[in-house]
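**Student:** Here's the letter readout for the chains.
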Amino acid sequence: MANGKGERIMRSALFMIAGIVAIGLGGCHAKPRTDANGFVVDPGFEQHLQEQLLDARPGSVITIPAGKYALTRSLSLTADGVTIKGAGMDKTILSFAHQNSGAEGMLVTGDDFTLEDLTLQNSRGDALKINGTKDAVMRRVKAEWTGGPKTSNGAYGLYPVQVTNVLIEDCVVKGASDAGIYVGQSKNIIVRNNRAEGNVAGIEIENSTHADVYGNTTTGNTGGILVFNMPDLPVPGSKTRVYQNKVIANNTANFGAEGSAVRSVPAGSGVVVNSNDDVEIFDNDIEDNQTANVIISSYFSTGFDTERGRVASYDPYPQNIYVTDNTFKGGGNKPGAGFDKLAAALGGRLPDILWDGFTDPKVKNAGICVQNGAAKVLDADGPHKYAGAHLVTLDCKPATRLPPVTLPASMTKTS
Amino acid sequence: MARSGRPSRPINIVRLARTVAFSLRAFARKFLLLRVSAPPREPTSSSRRHSVGLLGLALVVASCSRAPTQVTFHATGFPKTLAEWGLFTVKDHRITPHKGMVTYELATPLFSDYAQKWRTIWMPPGTSARYEPEKTLDFPVGTIITKTFYYTVPTSAAKPGESREIVKMTPATYQTGVDGLDLSHVRLIETRLLVHRADGWVGLPYVWNADQTEATLQRTGAEIPLTFIDGATRTDFVYSVPNQNQCAGCHTADYRTRALAPIGPKARHLNIDFPGPGGDINQLQRLVQLHYLTGLPASNVPRDAKWDDTAAPLDARARTYLDVNCAHCHSQTGPARVSGLWLHSTVSDPRRIGVCKPPVAAGGGAGDRPYDIVPGHPELSIMPFRLASTDPGAMMPETGRSLVHQKGVALIEQWIAQLKGECRVDHDAADQVAIR
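So the sequences go chain by chain: H and V. Take 1 as the starting number for the first sequence in our numbering and just add one per residue. Take 416 as the starting number for the second sequence in our numbering and just add one per residue.
Do not rely on the hints blindly, as some may be mistaken.
[What the hints assert, rightly or not] Mimicking DSBU-like on lysine-lysine, the simulated pairs with C-alpha atoms at most 35 Å apart in a straight line are:
(1) Lys835/V - Lys550/V
(2) Lys550/V - Lys187/H
(3) Lys134/H - Lys334/H
(4) Lys835/V - Lys362/H
(5) Lys835/V - Lys574/V
(6) Lys362/H - Lys376/H
(7) Lys532/V - Lys583/V
(8) Lys562/V - Lys532/V
(9) Lys495/V - Lys574/V
(10) Lys362/H - Lys385/H
(11) Lys134/H - Lys495/V
(12) Lys583/V - Lys514/V
(13) Lys562/V - Lys134/H
(14) Lys822/V - Lys150/H
(15) Lys341/H - Lys134/H
(16) Lys246/H - Lys413/H
(17) Lys329/H - Lys246/H
(18) Lys362/H - Lys341/H
(19) Lys574/V - Lys550/V
(20) Lys550/V - Lys134/H
(21) Lys187/H - Lys364/H
(22) Lys134/H - Lys85/H
(23) Lys85/H - Lys721/V
(24) Lys562/V - Lys385/H
Keep in mind the hints are simulated off the structure, nothing from the lab. For clarity, every value in this text was computed on a predicted model and none was experimentally measured.
With these hints in hand, go ahead and build the complete structure from the sequences.
**Tutor:** As structure tokens, this is what we get:
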């Protein structure tokens with residue numbers, strides 16, 4: 001991290017004043033004064049930044065210079081059309097390690113929001129939450145918890161919820177106790193070229209519609225990429241494409257909170273589709289995920305109350321799932337959640353694709369299709385408590401493929 | 416932050432002239448209104464009070480004081496000091512409200528770190544609110560609602576405004592606020608204003624100085640370290656004054672409009688007796704008598720339970736408590752609509768209020784418990800866990816408290832304990848794996 005160099009503490013009072021002036025002007029002065037922990041010494045920083053957020057108007061660009069800053073409260077933005085920009089992902093660091101209040105590091109409820117080139121670190125709850133807006137861009141943002149995998153880490157790193165048009169690109173998420181990147185109840189979403197490492201879920205698309213998840217690397221999570229539908233939520237989801245990602249060795253023990261949706265994800269899960277419809281998984285490199293490289297499951301495999309705990313309108317079955325042209329390597333060799341017995345019965349390894357086998361009795365064809373070379377599919381026979389688990393061939397393909405997601409040009413234009 | 420009540424700036428002639436002109440305009444407006452159309456604000460001796468008011472205005476003009484002594488609505492801008500609103504007189508260890516301000520209380524208040532709260536409403540002369548059965552009363556433009564957060568301090572505290580120690584309110588230290596507050600053993604923390612302007616409501620937090628003579632606008636909020644004393648128990652905590660956006664976090668009831676609105680002054684919260692002009696009478700009736708409210712039906716006005724009234728049904732008390740403390744976010748249109756947990760007291764679907772409902776985005780906030788409410792099992796329910804947490808990442812409400820409302824948590828636990836039914840939990844899919 002850049003603040004290592006900042007340990008050369010500048011003792012000159014004049015220099016210090018110059019540094020503070022530079023911060024105030026948003027200029028790029030060489031080095032602000034830092035304390036023993038590498039935090040920039042600037043007592044007015046937090047208030048000034050929050051004031052800028054309060055005064056922001058459409059078109060405002062708020063720049064935060066390089067340095068590691070300690071904040072004590074959530075930052076909040078309600079104005080539309082605001083860009084917040086740091087000096088670089090590893091140069092501008094907002095640390096919430098000393099946070100006294102606020103359920104997230106930064107809370108945004110304004111449309112047309114862009115966050116770029118900074119790190120949100122060690123927030124007590126979620127790092128960044130964007131709630132009920134349209135056009136949200138996160139670009140070269142790092143959201144991380146630096147103390148390793150801990151249940152006490154915040155739930156989500158980058159967390160847009162009920163947002164129309166989401167772009168998350170070139171970001172890094174680490175250590176979230178739920179999902180590093182979590183797009184919930186949103187529509188029209190691109191999540192690309194990010195790195196998710198050491199979270200319970202690397203990337204999760206939940207109750208969202210029209211999402212393209214590509215070019216990402218997810219490794220060292222409990223589960224790499226999750227496409228979920230949960231009950232009791234105002235918005236159901238479908239239509240996600242997961243392609244050209246590297247989903248490698250997501251074998252970290254599940255450190256999610258009991259009762260959370262990701263808690264049911266067994267360690268060693270590559271790509272998991274749960275209760276979601278119209279999902280395509282193609283052209284990915286999926287390797288060394290010890291439970292299974294791909295899991296297709298229903299709400300009945302989550303351990304939740306499936307009788308009282310969901311509304312009648314909720315569809316708990318995954319349907320129209322297409323797995324094709326992925327490159328699988330390794331994995332399935334050390335499955336969690338009791339699947340080891342299944343693996344043993346199959347000669348020590350689960351196949352690349354694990355399906356819990358629950359289907360809607362009212363639907364003739366669930367549309368679970370796998371055309372992926374030699375990759376095998378296990379129907380685990382969940383409905384009969386796994387008694388009749390057997391390998392199946394699901395050689396079919398959807399009548400039409402999902403179209404690419406397109407976002408407003410203003411969002412994809414890089415600065 | 417200004418530490419003194421006196422203005423530090425030299426007298427500015429232009430500013431002075433503007434103030435005088437403004438006061439004169441206000442005088443003329445007031446005078447006309449009074450002569451032509453203003454209804455009496457007090458049920459008795461209105462003419463005498465008006466005379467006093469006019470005299471007060473005359474004095475303002477004569478003395479060229481900067482701070483108005485009459486309530487003064489600012490249609491734009493963010494006045495830097497509370498004094499500029501002309502709401503209160505602070506003198507001789509007493510803060511008193513100005514003419515036209517009505518003190519009110521809520522049947523069940525939001526818990527805010529055991530702070531005592533003094534609430535007032537003011538409306539421009541000749542205007543009134545319209546009754547709403549469910550929503551916040553429909554207040555006219557110009558309405559100013561104040562909420563002053565304060566604590567009782569130990570009697571030994573030499574300077575109450577600087578006392579870090581604060582003590583839990585008792586019946587003996589309770590103040591209605593109807594005639595203002597005795598500040599002898601009180602630390603004023605902040606006065607929040609909700610002001611209804613032509614383009615909507617705006618929230619403004621003013622924080623009091625140590626001398627308790629002046630409150631200044633803190634748009635970015637503040638953190639005030641305090642020690643809460645409850646009998647032999649002392650708890651250090653940081654009282655958090657919300658920033659202006661955080662005001663909106665609670666006061667934006669509908670994410671689609673993102674419009675700020677008051678939460679407390681709803682008919683069902685106000686439908687209780689409380690002292691004031693006209694005696695110890697129903698607050699809605701008082702507002703009608705003062706010509707501050709129109710359209711109040713003769714019957715069927717909804718009424719909330721008092722959360723701590725043990726004579727009231729447990730279900731009503733618990734649901735009201737959740738309504739007041741949670742439903743500003745946890746509603747179909749509030750910020751927590753995304754959780755699918757909706758806690759208005761009118762919601763009847765058990766699943767919607769959390770029965771056997773799994774958490775969505777709670778993370779560690781779920782406290783390793785499976786459902787929001789497990790009937791009969793508060794110890795397995797997420798709701799009391801989050802109410803009893805002080806971890807910013809887990810606690811509910813998310814803002815507005817740093818301490819645990821012990822009696823509130825006890826109420827919710829008691830309520831859940833007697834709920835009937837069960838949630839079926841498959842503890843671990845692993846238990847069911849068997850190969851034959």
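**Student:** Against the 35 Å threshold, does the CA-CA distance of Lys329/H and Lys246/H hold or violate the hint?
**Tutor:** holds, 11 Å
**Student:** For a C-alpha distance cap of 35 Å, please report whether Lys532/V and Lys583/V respect it.
**Tutor:** holds, 13 Å
**Student:** Are the Cα positions of Lys134/H and Lys85/H separated by 35 Å at most?
**Tutor:** Holds - the C-alpha atoms of Lys85/H and Lys134/H are around 19 Å apart, at most 35 Å.
**Student:** Please work out if Lys574/V and Lys550/V have their alpha carbons no farther apart than 35 Å.
**Tutor:** violated, 42 Å
**Student:** Sort out whether Lys376/H lies within 35 Å of Lys362/H, counting only the CA atoms.
**Tutor:** holds, 27 Å
**Student:** Is Lys134/H close enough to Lys334/H, meaning Cα to Cα at most 35 Å?
**Tutor:** violated, 42 Å
**Student:** Just to be careful, I want the Cα atoms of Lys134/H and Lys495/V compared with a cutoff of 35 Å; is the pair within it?
**Tutor:** holds, 34 Å
**Student:** Mind checking the alpha carbons of Lys562/V and Lys134/H for me, to see if they're no more than 35 Å apart?
**Tutor:** holds, 34 Å
**Student:** Is the Cα-Cα distance between Lys85/H and Lys721/V 35 Å or less?
**Tutor:** Answer violated: Lys85/H to Lys721/V is near 48 Å, above 35 Å.
**Student:** Are the Cα positions of Lys822/V and Lys150/H separated by 35 Å at most?
**Tutor:** Since the Cα atoms of Lys822/V and Lys150/H sit roughly 31 Å apart, the hinted pair holds (cutoff 35 Å).
**Student:** If you draw a straight line from the CA of Lys246/H to the CA of Lys413/H, is it 35 Å or shorter?
**Tutor:** holds, 25 Å
**Student:** Regarding the pair Lys835/V and Lys550/V, is the alpha-carbon distance no greater than 35 Å?
**Tutor:** OK: Lys835/V and Lys550/V at ~31 Å, within 35 Å.
Going down the numbered hints, you'll see the structure goes against 3, 5, 15, 19, 23 and 24, while the others check out.
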